[in-house]
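Protein sequences, first through last, are from chains W and F. For the first sequence, position 116 matches number 132 in my numbering, and the numbering has no gaps at all. For the second sequence, position 649 matches number 694 in my numbering, and the numbering has no gaps at all.
By construction, these hints were calculated from the structure, which means they are not laboratory data. One should not assume that every hint holds.
Said to hold, decoys possible - Stretch-level coverage of chain W by chain F, calculated; a stretch enters the list once three of its residues show a Cβ under 8 angstroms from a Cβ in chain F:
hint: 1; stretch: 64 to 70
hint: 2; stretch: 117 to 126
Said to hold, decoys possible - Non-contacting residues of chain W with respect to chain F, defined by C-beta distances greater than 12 angstroms in every case (computed):
hint: 3; residue: ALA136
hint: 4; residue: ALA196
hint: 5; residue: ALA204
Idealized CB from N, CA, C, for every residue including glycine.
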Amino acid sequence: MQTDLATPVAGLPQARVARNAGMALDLDWVMRSQANRSAIERRVATLAGRRTVKKEYQAAWLCRAISCIDLTTLAGDDTAGRVHRLAAKARQPVRADLLDSLGMEGLRVGAVCVYHEMIAPARAALEGSGIPVAAVSTGFPAGLTPFHLRLAEIEESVKAGAEEIDIVISRRHVLTWDWAALYDEIRAFRAACGPAHLKAILATGELGTLRNVARASLVAMMAGADFIKTSTGKEAVNATLPVSLVMIRAIRDYCAATGHRVGYKPAGGISKAKDALSYLVLIKEELGKPWLTPALFRFGASSLLSDIERQLEHHVTGAYSAGYRHPMG
Amino acid sequence: MSVKEIFETMDYGPAPEDASEAFAWLVDQGDRFGHFIDGAFTPPGEGFLSRNPANGETLATLTQATQADVDAAVAAARKAQGKWARLGGHGRAKHLYAIARILQRNARLCAVLETLDNGKPIRESRDIDLPLVQRHFYFHAGMAQLMESQLPDRAPVGVCGQVIPWNFPLLMLAWKVAPALAMGNTVVLKPAEYTSLTALLFADLCRQAGLPKGVVNIVTGDGKVGEMIVTHPGVDKIAFTGSTEVGRKIRAATAGTGKALTLELGGKGPYVVFDDADLDSAIEGLVDAIWLNQGQVCCAGSRLLVQEGIAERFHDKLKARMQSLRIGNPLDKCIDVGAIVDPAQLRAITEMVEGCAEGERFSVGTELPAEGSFYPPTLITGLAPSHRLMQEEIFGPVLVSTTFRTPDEAVQLANNTRYGLAASVWSENVNLALDIAPQIEAGVIWINSANMFDAAAAFGGVRESGFGREGGWEGLRAYTRPADRAPRPLVRIEPNTGESGTFEGIDRTPKLYIGGKQTRPDGGYSRAVFSPRGKLLGQVPEANRKDLRNAVEAARGARAWGATSGHQRAQILYYMAENLSARADEFAREINKMKGGRGGDREVEASICRLFTYAAWADKFDGQAHGVPMRGMALGLRAPVGVIGVFCPDEVPLLGLVSVMGPAIAMGNRAALVASEPYPLVYADFYQVLDTSDLPGGVVSILTGKHDALAPVMAAHMDVDAVWSFSSSDISGVIERGSVRNLKRTWVNNGLVRDWFSAEGEGSAFLEAATEVKTIWVPCGA
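Looking at chain W on its own, in the form it has when it is part of the complex:
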């Protein structure tokens, strides 16, 4: 059964938040930026003990997490049928009876994220839902294809109907501190995006240090990224809380300096409801409530939803749930 939506929970970010215009590359600011790993790790380690949500609060927060999921399939064997199934799950992420019990009818995910060739089937399957299609681009995941082809790939994907483009940066520019090259690259990607939103994937697992993460985050925002995103999901280490803390502190500084709210998307490795709550707490504590919306926060995740579904059923019934009770995506 398809539940009805009075007001769409998910929606295009541009409908709610003014886009980041970017700014000239400010190298002084970039180079001033620091990240002390041990202090950052302590902050995220103690946060779990400082904040918790229980009972109906937990259920509500988990629903919020669902609304922020970029439901993703990025596999070589993706087909139109597979994407259709995923889109159906995006429209109805939780069993209707459970949403009824929670009073959360109409809950949807933030977006569906696919490769270029799957944009069309995704668009078709999401027709009328208001759920945007995001496409990974620019030679994802390594980003080492010819530059003009990467630009062309963005343009093709936007033409095909992607409303969000998840680009990958050239990690070598970060590793060699060629900030100008990184800035120019993302600036060009942003121009190629046109009206589509640009999410800059930093591939933080390949940047070596948290300080590099902090500096790359700033450069990406200066170049006009609408979102900054941790990972492709293909690196050995994907989203972590320490990396997230560094990136969202950069977002906070950028907002303080420019007034622009840039979104944040941790991706890869977030598969448990409890992890999702940790991220939401981190966002609320460090960036504040305005960021707790799909317009400014997304989870890049494929298996997170199924764990949340089980937790929600537990909340509703009081009994622990089983995976097979929830429809596949």
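Take the given structure of chain W and dock chain F to it, following the hints.
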């Protein structure tokens, strides 16, 4: 609220910790408590109420201990001590292990009761206090196990009287009880009257764990009970954690009694932020530094020193961070700042802050709970170092701030305080951080962190923050004494007398040796020195308070000595030995003339040997890298104490002088020595040795004069960091009493003999007295 509504507000909602087990325990005990003496609870007597500061509700009725109670507790501890010590290291280790285990099994009960009684957030009692409590007992179970093999020459002190504060009730109990028990002592402990409940729960757990009766005794009550313990003749050692004011009283009360004493007192910790720091992390560190436990922490980072160029940005960020602190019911799992321990403490904080007209005050705007003792986290910027709030401990969630320009100025500001407990230094530049940290006068310095503790890393202060260390190997020193010392009284050695006659040969009038120069005494008086047969040997100057002042000033000026390398100090000590050796016969004759007999050769030989000992130690008395549970290291450095005033042993004029000077200067201290009173003459020849050995002026000054006249001046001198006395004059009590004002370290002989020719005349006891352990925490991560 419905899920849908919460989905919109994204509030945290209530998350109360269940307190029913803790209340059940209180009810099981009848909500009334006696003392825990000799393994059993005494019947409840006249007493006072213990309240929950978060809502004012009564938790239990406690008993005010009488003198008879304290006597009974001390007697029980005394009776149990021998057997407890004889149980052996392994036997005690098993008991300490059992205590650690039972604390772990009851961790949540302990944490909840602590929060009910003290008002600290449950997160802190659950995630910080209790894990550290358990860790302390596990760690010291290991120390008990290793005592016989690693500390073969140490014995238990005996009965330890321990008085602990209300800010970390169970943790401070663990810090006191665990090392005492590990080393074979028994204890009489008094918890603070605001927060006695977890100590009583601990007693109950000890009983359940099968701890022999009398090993741990707990008496409750106010400061009067503390005083009874401190002054009790049956107590061998006092350990106190609390205010500097009470610490002074305890120092005065124990002066001259021969009781061992360690004090862990107040602080006004500098929190230094350099412009290249990770500012967001430094701000988060401040949350741990000053808003942990509502700022009621002696080692709180309460004095923010921020580099001028980033001050405005830093303060803005800090204010924004303060707004997300959650204040309220400490049993709620989402609370950062709980209740102030008592309305009286709340009033004290309020009065101090309200009395501050200067600076710019910023307080968190959150509404405070209607009832209970709460104070909002507060920042006061723009204060000068001269302001009262920059100098005095507030002991509440109030941070004061000022700025600095250069690293040197940061160090000066950091050290511009009477306290010296803990400090933080924030910089991403390893050169800067590791240069600044050891320059701060404090017992604990956290680089890029705050309020980190571990049983393996020594904790304790310098200056008026007290003396002694808790934790690590250093912490055991206070709970042990040398094993093989049979105390023998030291009889005062009277100077020889004689007829003032004429001096044979050319007249010799030695002077005082101050700041590397020979100086006439300020008072213009001299005293004749005679041989045992009454023959005039020479005249020595009679130093007065001004000469002593000059010697201390010269020592203060010779600060650079502390920064010389151990190798360089060793070279100078060897050179002294060489020069002394060249004049050995002459020194021996001089000694023989003063003392009679033929012992001079032996004493000179021993003195040369002793100089070699300290030349050897100068570059070998290393610190330690502690294995603390974090990535990084905690360094236990051996820092010089500073300026040490010493009353030299009377009986061996040369060996005594060398035995105290050696360790002092080998470790980088400067020394003002008062030579043997009855046999002073040899000092004059010795300062010539110093002069010819390249010792910089001021590092050692030598005075002659009456020990009992100079002792009170030395003890009261605020610029002297430590006073030692091995004099045969009865000045131990005078020195301990006189040290009260700046709480300088004292090391006195209590009128007992020390054999300067044997092993007890040199070695680790001297080196430890000549150094302060400075623990520098260096967390790291790429």
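Exercise. Taking each numbered hint in turn, which are not upheld by the structure, reported in ascending numerical order?
Worked result: Failing hints: none at all.
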